[in-house]
Each structure stands twice: as C-alpha cells, then as structure tokens.
Amino acid sequence: MIPASSVTIEIDSNTKRIQRKGVTHELDPAAASAVEEGLRLTEKHGGTVTLITMGISDVTIGIRNALAMGATSAVHILDDALAGSDTLATAKVLAAAIKKQEFDLVICATESSDSYSGIVPGQIAYFLGVPPMTFAKEITVDGNKITIKRQSEAGYDVVEATLPALVACSSGINEPRYPQLKGIMAAKKKEIKVYSAADLGFAPDQVGEKGAREKVLTVGRPAKRQAGKAVADEGEGGKQIADFLAEIKVI
Amino acid sequence: MADTIWVYAEISDDKITTTSLEMLAKASEVGKAEAILLGPAPEDAVQTLAKHGASKIYRCADAVYRDYLTLPAADTVAGLLQKHNPAAMLFASSYSGRDIVANLCARLDCGAITDVGDFELKDGGVEATIPALGASYQNTSTLLNQGTKLLVVRPKSFEPKINDQPLAVEEVPAVSSEDLRKVHMKERVVVKREGPSLEGAKIVVSGGRGLKGEEQFAILKELADVLGGAVGASRAAVDAGWVPYAMQIGQTGKTVKPDVYFAVGISGAVQHLSGMKTSKYIITINKDAEAPIFQYSDFGIVGDLFKVVPQLIEELKKRRGA
Chain A
1 MIPASSVTIE
11 IDSNTKRIQR
21 KGVTHELDPA
31 AASAVEEGLR
41 LTEKHGGTVT
51 LITMGISDVT
61 IGIRNALAMG
71 ATSAVHILDD
81 ALAGSDTLAT
91 AKVLAAAIKK
101 QEFDLVICAT
111 ESSDSYSGIV
121 PGQIAYFLGV
131 PPMTFAKEIT
141 VDGNKITIKR
151 QSEAGYDVVE
161 ATLPALVACS
171 SGINEPRYPQ
181 LKGIMAAKKK
191 EIKVYSAADL
201 GFAPDQVGEK
211 GAREKVLTVG
221 RPAKRQAGKA
231 VADEGEGGKQ
241 IADFLAEIKV
251 I
Chain B
1 MADTIWVYAE
11 ISDDKITTTS
21 LEMLAKASEV
31 GKAEAILLGP
41 APEDAVQTLA
51 KHGASKIYRC
61 ADAVYRDYLT
71 LPAADTVAGL
81 LQKHNPAAML
91 FASSYSGRDI
101 VANLCARLDC
111 GAITDVGDFE
121 LKDGGVEATI
131 PALGASYQNT
141 STLLNQGTKL
151 LVVRPKSFEP
161 KINDQPLAVE
171 EVPAVSSEDL
181 RKVHMKERVV
191 VKREGPSLEG
201 AKIVVSGGRG
211 LKGEEQFAIL
221 KELADVLGGA
231 VGASRAAVDA
241 GWVPYAMQIG
251 QTGKTVKPDV
261 YFAVGISGAV
271 QHLSGMKTSK
281 YIITINKDAE
291 APIFQYSDFG
301 IVGDLFKVVP
311 QLIEELKKRR
321 GA
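Heads up: the sequence lines are chains A and B, in that order.
Following our numbering from start to finish, the first sequence increments by one per residue and tops out at 251.
Following our numbering from start to finish, the second sequence increments by one per residue and tops out at 322.
Quick caveat, the hints were computed from the structure, so don't treat them as lab data.
Warning: the hint list may mix true and false statements.
[Stated by the list, open to error] FRET-style restraints, in silico, Cβ to Cβ:
{"hint": "1", "chain 1": "B", "residue 1": "Glu43", "chain 2": "A", "residue 2": "Pro204", "range": "51 to 59 Å"}
{"hint": "2", "chain 1": "B", "residue 1": "Glu159", "chain 2": "A", "residue 2": "Met185", "range": "41 to 49 Å"}
{"hint": "3", "chain 1": "A", "residue 1": "Lys193", "chain 2": "B", "residue 2": "Lys186", "range": "36 to 44 Å"}
{"hint": "4", "chain 1": "A", "residue 1": "Val158", "chain 2": "B", "residue 2": "Pro292", "range": "13 to 21 Å"}
{"hint": "5", "chain 1": "B", "residue 1": "Gly79", "chain 2": "A", "residue 2": "Lys44", "range": "37 to 45 Å"}
[As the list claims (entries may be wrong)] Over 12 Å on every C-beta distance to chain A, these chain B residues come out as not near it, computed from the model:
{"hint": "6", "residue": "Glu43"}
{"hint": "7", "residue": "Thr48"}
{"hint": "8", "residue": "Tyr58"}
{"hint": "9", "residue": "Gly79"}
{"hint": "10", "residue": "Gln82"}
{"hint": "11", "residue": "Pro160"}
{"hint": "12", "residue": "Asp164"}
{"hint": "13", "residue": "Lys186"}
{"hint": "14", "residue": "Gly195"}
{"hint": "15", "residue": "Phe217"}
{"hint": "16", "residue": "Lys221"}
{"hint": "17", "residue": "Arg235"}
{"hint": "18", "residue": "Lys287"}
No residue lacks a Cβ here, since even glycine has one placed at the ideal position from N, Cα and C.
Pulled out of the complex, with its shape left as it was, chain B reads as follows (with noise of 0.2 Å):
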C-alpha cells in the first residue's frame, strides 16, 4: 500500500490556495495524497481538491475553524493524525500553516521541518531539502521521531497538476471546547490591489533601496502596468515605510516565481534572494556592477535606474505601437 501523505488545504481570496494544490501535486507523486479541508469554504472548494490528486478529503465546515485561529485547527487535526498516523503531513509556509504546526509538535511532542523544498520518504522516515540561510545553502534533513512526519512547504516548489480522483468526503465533527475559543479573528481586513497578485503574476518588477523614497515606486508601477506584471520590493524599501508589507519578497516575505524577474535598485541580500532566485528570468538594474544580484541575473544593466527604466517604459510603448 502507498504511503500516505497528507495536506492542510488552506483557503485564501475565497478559494483553495495554490500552494495546497502544489502540495497536493507533490504527495500524489510521492503516494496516496489526502487533504484535510477545515472551515467554511467555497462549494467547490473539495471537487477541486479532488480534482488535483486528494484521494480523501477529511472535512468540517463549522465557522469556529474561521473566527478562532490556530487552536481549534490544530486540535482537530492531532486528532485526525492519532487516529489514522499518516507517513506525512504538509501544511504551507503560510501564517496558519506554522501556526497549526507550532501548535502540533508542541502538543505532540514531535518535530517538524520547515522551509521544505522537497521530500522523499525514505524507509518509512522522511528525508527533506531545505535551501537555508536564504538559500545560500542546500541542507537535507530527517525527522527522528516515531508517527506522523511534520513538513513545511516552502510555495512554489511544486508544479500544481489535474489529477482527479473520484470525490470521497470523510466529515469530522467540529471542536467544542471554549479552551479552543482563546485567539478570536474579529475582522478580516482586505487590502486593495490593482493588477496581478505578486504570486501569481507573470511579470514581477520590484524596487529596493535604490529607489530612494515612496514617489519612485511609481516609475516601477508604469513598468509593470506596460508589461501586465505586479509590483514587489524588498525587505529594505518596506522596511523604510516605502510600501507595505505586502509587497515584500524573500525569506520573510512572499516567494515568487514569475518568467520574469526585475530586481531594480536591489542589491541581492540572501533574504531577498531566497524569495526570487527561481524565477526564469532575471533582470537587474543597478549602479553598483558589484552588487550581488548581478551574479543571479541572466541579464543586467549596470546604471542610473532613473533613466534606464523610464527608456525601457518608452520604448516598450514605442515597440507595442509599431
């Protein structure tokens, strides 16, 4: 019998994210993929589980999961991993999927690996790859403890594929007691954006300290607009106030991996280069010929970025309307 392997489908924006799909892909792969689907959730929200790979989808829909987070999940899914002790579970490098896990192997007295890029299993353990600091390095772990191995994925590290399986929907009971009821989500507040979401744009253009203050951003913007991308930055230009959080790229940011990659005024800190550094392309833009990004670009132009990415925009407009 193949291993089972389970995943902690999250649910973002209104639907299933694309990160539970890359999981799902992955544990297909490697055995019987399950999912675990807590929460209210759009209708179609286990046919399209089903449709990437779940070959079982353990499902509650009761609002607690939504307004208090953490606890209830994770008490839950303990239950869930004592009863049926799958090989492993995947859950996202996203803010309830460390939580859950936090919660987990301090209640479970297991460990966990996080910042997963890939994963094997290995004579009934595990063994994981994990690019640490920031991807300058390239470790392999294992986890030592008996029962359920805990893994963190890192987004993007697997390709989401159709592989549908015909829809088995196990409900679980929802959780009861007011001790779980501790963290209570009051008010989801949705930040407005325009365009593309950076993780799933095509084209992302993104701007660091060269770009000396909150105004310049806008030139990136243009940039992105023309070429139907989004805009991200670095640690550094939200760390100054420049752009929100959400904007940010790297190790504590989002990682993206587009076709195209304009790092313009970064100069390539590990803790950006882990968020970026397998995207297709990369482009740079610099003034600094020694600025780390350069050794990760495919093509870099050594420069005032206030007069390359104005001629870029100008003459992608000019070629758009040739």
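Bound conformation, chain A alone (with noise of 0.2 Å):
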C-alpha cells in the first residue's frame, strides 16, 4: 500500500501551496519504487497489493499507472477539503484507510519528490499501531518475521520487526518495472476505491489547511548566487582550474 505522490515545481504565491490542479501528475519515482517493492514480494510470498493515495482528481494517471504495472487494486481519497493537510493530517487519513484493508506490511517511499518532509511513514505507522521500519534498502521477508537493511550514517543497520509491520523504502531499493501493453490494458478494468474524508471519519476542519499546524507564512525566491565565470576547453581548462584553485588560495 503505498501513498503516491506527485511530481510538481511551483509554489502558488496565494495559497502557498504546490500548485497541483492542472498539472499533469504521475506516479512519484519514490512511490513506483515502493509499488515495485510491493509486487516483487507478492510474487515471492503471494497476495496482493493495494496502492493507497491521496490526491485531486489529477493523480488518477499515477492510480493507473501504478495498476499497470501490477497492483491489484487501488484506493483513491479524493477531497477538496483535503487541500493544504499537513504532514499529521495526511498521516491520519492514510492510516484511516488502510485501517479499512486487511494487511500484513504497509510499503512507503521515505518521502514524496515533491514535499520532502520525509516524516509522514512514521507517523502513519504510530496511528496503525505498528513497528516503522524506515529508510530500508533491502527489504526480506521469513514467516512473520520482516528484516530490513536500513541506511546509516555509517553505513547500514540490519533491523527486525514482526508483521504487520510498515516500511519507508529509500530511492534506488530497486529498478521499478515499466507497464506492459498488457498490464496497462487490464488496469482499465481494475477496480478504484474512492473516500471522501467523512467516508473515513473526518470533519472538514479536522484535515486540509483549516487543521493544519503548520502554516507557511512567506514564500520567497532566496537570493541567487552570482554565477560567475565559464570558459569553453580550448586544451586548458585543467590548467585554467588550477589557476583559479591558485586564486582562491586552496593550493
């Protein structure tokens, strides 16, 4: 189960938002790792996989895609009142989601590629009331038994938990697959579970920016460094860095 996400570049300067409505969204790199992780334990292990997400009406090209390459069925929370949730808010009604599916290992990316805030799997572990398992690179399977290598500072940790268990992979776990002609046809047939946030037991000024605790205040463009000098190679570049290095006193 895996919380997609988008892949978007502009702040609105009015509702200090990403600005996601018209924008063309798809699956987020980080989620179609986590998707990818999901199906090559199913193959192994059995089962199946649910993709869980919230998001505008937009993502459901992600929803697909994410069928395409295997999922067997999708959940879409789908809420205007859900615009502006902050990372608490989101946790929440994810969590309240997948409480609504039976599971044994709820699969994340670390963070969305858009948001970054790298803290909502943790949370969503807290309210299902399992172990977080975070920042894996390598995730196995025994019994009831999860082992996953979790980067480290140093290097990485070897970690166990018992299922049902939840697991933030980190980018690069793996290679997602690309959708075969025939996956992407039987996506179309696959089913969509749609909530709103009351489905889930919500009141709108418990979600959305009327919820959120966190409030941005100002949003900027920071000051740009000066670019400064670029030369074309003409046969001296290295001798020309070496200057510079000279220049600036490092050598």
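Two chains, each in its own frame: build the complex with the hints.
See the structure below:
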C-alpha cells in the first residue's frame, strides 16, 4: 500500500501551496519503487498489492500507472477538504484508509519528491500501531518476520520486526518495472475505491488547511548566487582550474 | 527568563554528531540550550555537549535506546517534553532524528517543521526559514499548536561554537515497556571508507551522469586524493548503481558545505543543488554550456571532463612538485 504522490515544481503565491491543479501528475518515482517492492514481495510470497493514495482527481493517471505495473487494486482518497493538509493530517487520513483494508505490510516511499518531509511514514505507523521500519534499502520477509537493511550515517543497520509492519523504502531500492501493454489494458478494469474525508471519519475542520498545524507565512525566492565565470575548454581547461584554485588560495 | 530550547543529541562514529553541536550553537544564541542524550555514548559525550552550550543534559545510558529504534527514544522524549514544556526542540534531519519527530507528532498531536535552515522565536511562537523544493524557494513557516515547537534542522545550517557551561546532568529512567521494543537493531554495519568523510571534507569532488559509468569515478578519486578531499555523487549516479548511496549529495542524500565543491558532469537538478549550494566555491566541469549548474558556479569549464580532469590532476601534481 503506497501513498503515491506527484511531481510538480511551482508554489502558488496565494495559497502558499504547491500548484497541483491543472498540472500533469505522475506516479512519484519514489512511490513507483515502493510499488515495485510490493510486487516483488507478493510474487515471492503470494498476496495482493493495494495502492493507496490521497490526492486530487488529476492523480488518477498515476494510480492507473501503478495498477498497470501490477498492483491488484487501488484506493483513492479524494476530497477538496483535504487540500493543504499538513503531514500529520495526511498521515491520519492515510492510516484511516489503510485500516479499512486487510494488510500484513505497508510500504511507503521515504518521502515524496515534492514536499520532502520524510515524517509521514513514521506517523502512519504510529496510527496503525505497527513498527516503523524506515530508510530501507533492502527488504526480506520470512514468515511473520521482516528484516530490512536500513541506511545509516556510517553504512547500514540490520533491523528486524514482526508483521504487520510499515516499511519506508529509500530511493534506489530497486528499478521499477515499466508497465507492459497487457498490464495497461488490465489496469483499465481494476477497481479504484474512492473515499472522502467523511467516509474515513474526519470532519472538514480536522483536515486540510483548517486542520493544519504548520502554517506557511511567506513564500519567496532566495537571493540567487552570482554566477561566476565560465569558459569553453580550448585545451587549457585543467590548467585554468588550477589557476583558479591558486587564486582562491586552495593550492 | 530566557526561552529554553532543547536539542536531541545524536551519536555517530562513536562521537556526538557535528549537527548536534551546530544545533546547540543556535539554541544557545536564541535562548537557554539544553540537550537530551539517550543510549550508550563515549565517556566525554556529556562534557562535549556542555562545552558547546548545553546548560543541562537529560541523560539515560541504557542500551535499549541503541538496540531498539525510534520507539523507546520517542517515549522518553515525549515524557520529558510534557513535564518541562520547553519553547522548542531541535532534531537533526538525520535518519533517527526524523523518525523520532514523526512518532512525537503523532503521539502528541502536534506539528513539526522539517528541513529548517534557520529559525527565531517570536511572541511565544516560532518562525522558521525553509529552503523548499530543493532550495529554489525560501519559505517561512510557523506552528499553530500549543506546547513545544518541533523543528527538524538541516545539517550545516549553523556553525558549532565553544560555549562552556557548567556540567549539569539529570539522569532520566529508561523505558521499561516491552511494547517499545518492536524495531530491533540487530547489527550495525560500517561501510569502510578512505580519506576524509564527505561531511567533514574541505574539498568535495562530485560526479554525475556525465561520468558515464562506475570505473570513471576513479579519476574523481584521484583528483580528490591530490587535493585531500572526498568524492561525492549526484542522485543520477547513485540511481544508476555506479556508486553507493552513502556518497549521494542532495535533497535525499547528504548536505555538504566544503570550501571548494567540484561538480563534474552534474547538470544541477534542484535535488542536487539543495545539498551543496552553500559551498564556499563551486567549480563546474560540464560539456553542456546550458547546464543549470553553471548558474551557481564561481568558475566553470565547458568541456570534456575526461580531458579537463586529467589535465587538472597533472597540473596540480606539477605545481606541488615545483
């Protein structure tokens, strides 16, 4: 089960949120890796992969993409009231949707490639009451035991827990498969369940911007670094860099 | 009375992490700095914290904090927060820092600001500056919840400072609940590296997609060796499997701030820029004159890296010999 997300680049200066409407949404590459990991585990151990995401109607393309990769079905949490949700509300809503499914393992990307907070998986794990296993670069399941290699500053840690659990995988854990034509055709027939915030038991003021604890005050562009000199290499490029290093007294 | 600001101190490589000391420097500048240190640590760890501005240290040396991830630490910190209610608490944007904050937010039903580059306390609240979307934006944010404001701080945002405080340690009891022993850290594997660490190196030589393969990183290693620096990489090079993740610099990798940063065959995606753009000098070698990285460079060569880098190495050796 994966909170898929989108890749966009602009922040709207009025809402102070990432511009999402009218922007093409695709499956976040980080989430695609999570889907891939789910598929590999079910291919080995059996079971099904359910994609779970929260987002505007434009994300349907990304959901279809994950279904085309091979996910069994999908859950789309779709509600205008959710716009502007902070990490905690996002985690509560996702956890509530996950609780409506049967699961042994929740797989998330460590962080979306747009908002980059990296704390949603840990929050979801808390609300589900399952062990949070984060920054995984390798996942092994044996019976009800799950072991991951977790990235660390010095290398990696071998971390173990008992299922059900939540794993947040790091980027580069695998190379996600490309959907094949057969998968794309099959995806069109697969079920996408849609939940509103109310379906999951949330009042409008508990989620979205109204329920957010973090408030963005200002959005600005930082002072741009002054671009320095750039010259085309005419056979002396290496020497010119050495001259520059001498100029700044590094050598 | 000055506002109290807590710092969650971490141990890595058998010493207090530099980011912990950076946060203490900022915390002592803004208010009264105190630290929490959980789990086994070298004997001088508390002294190091006091020397860098911690006027009080909450300490528990129990191995549960080392052997079981996240849950025991979050439980202890949550208890201390509820008892003492400091104005703000700082965590490093590290693996364990982010995990503990995630758990605290959920448990205490509060918000957190992540990727904080700077902050100030204002009218009992906090105002944080965040370089968003790979530092192409600079936003300010605040937290509306009552109670302690949780901030996750980017490494290298502040300079560590010596700020001697009398040693004041308050021992706190270890957690006892079995429920907190769910995420078992069985083995810590240290991946050996040569030369200076990326975070500590004064010179960093990084390669990207333009390197075209694993073997070619050898010339970057040679350049780094000549200059006494470390080798880094962009996410493109890591995702391609040429170099390990430990070498990745950028939003989802390490943040570095060396005196000189070489971006070799790196286009300068926002993902990468956010991890290195505060370097003192940036030198770029790229065959594409339109690559965004040139906008951030102090000096750039538009050319073939496989010609420029070997010539540079040779030139450096020659000048050193002279």
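Here's how the hints hold up against the structure:
no., hint, in the structure
1, Glu43/B x Pro204/A: 51 to 59 Å, "holds (55 Å)"
2, Glu159/B x Met185/A: 41 to 49 Å, "violated (58 Å)"
3, Lys193/A x Lys186/B: 36 to 44 Å, "holds (38 Å)"
4, Val158/A x Pro292/B: 13 to 21 Å, "violated (39 Å)"
5, Gly79/B x Lys44/A: 37 to 45 Å, "holds (41 Å)"
6, Glu43, "holds (20 Å)"
7, Thr48, "holds (17 Å)"
8, Tyr58, "holds (22 Å)"
9, Gly79, "holds (16 Å)"
10, Gln82, "holds (16 Å)"
11, Pro160, "holds (17 Å)"
12, Asp164, "holds (27 Å)"
13, Lys186, "violated (5 Å)"
14, Gly195, "holds (15 Å)"
15, Phe217, "holds (16 Å)"
16, Lys221, "holds (17 Å)"
17, Arg235, "violated (7 Å)"
18, Lys287, "violated (9 Å)"
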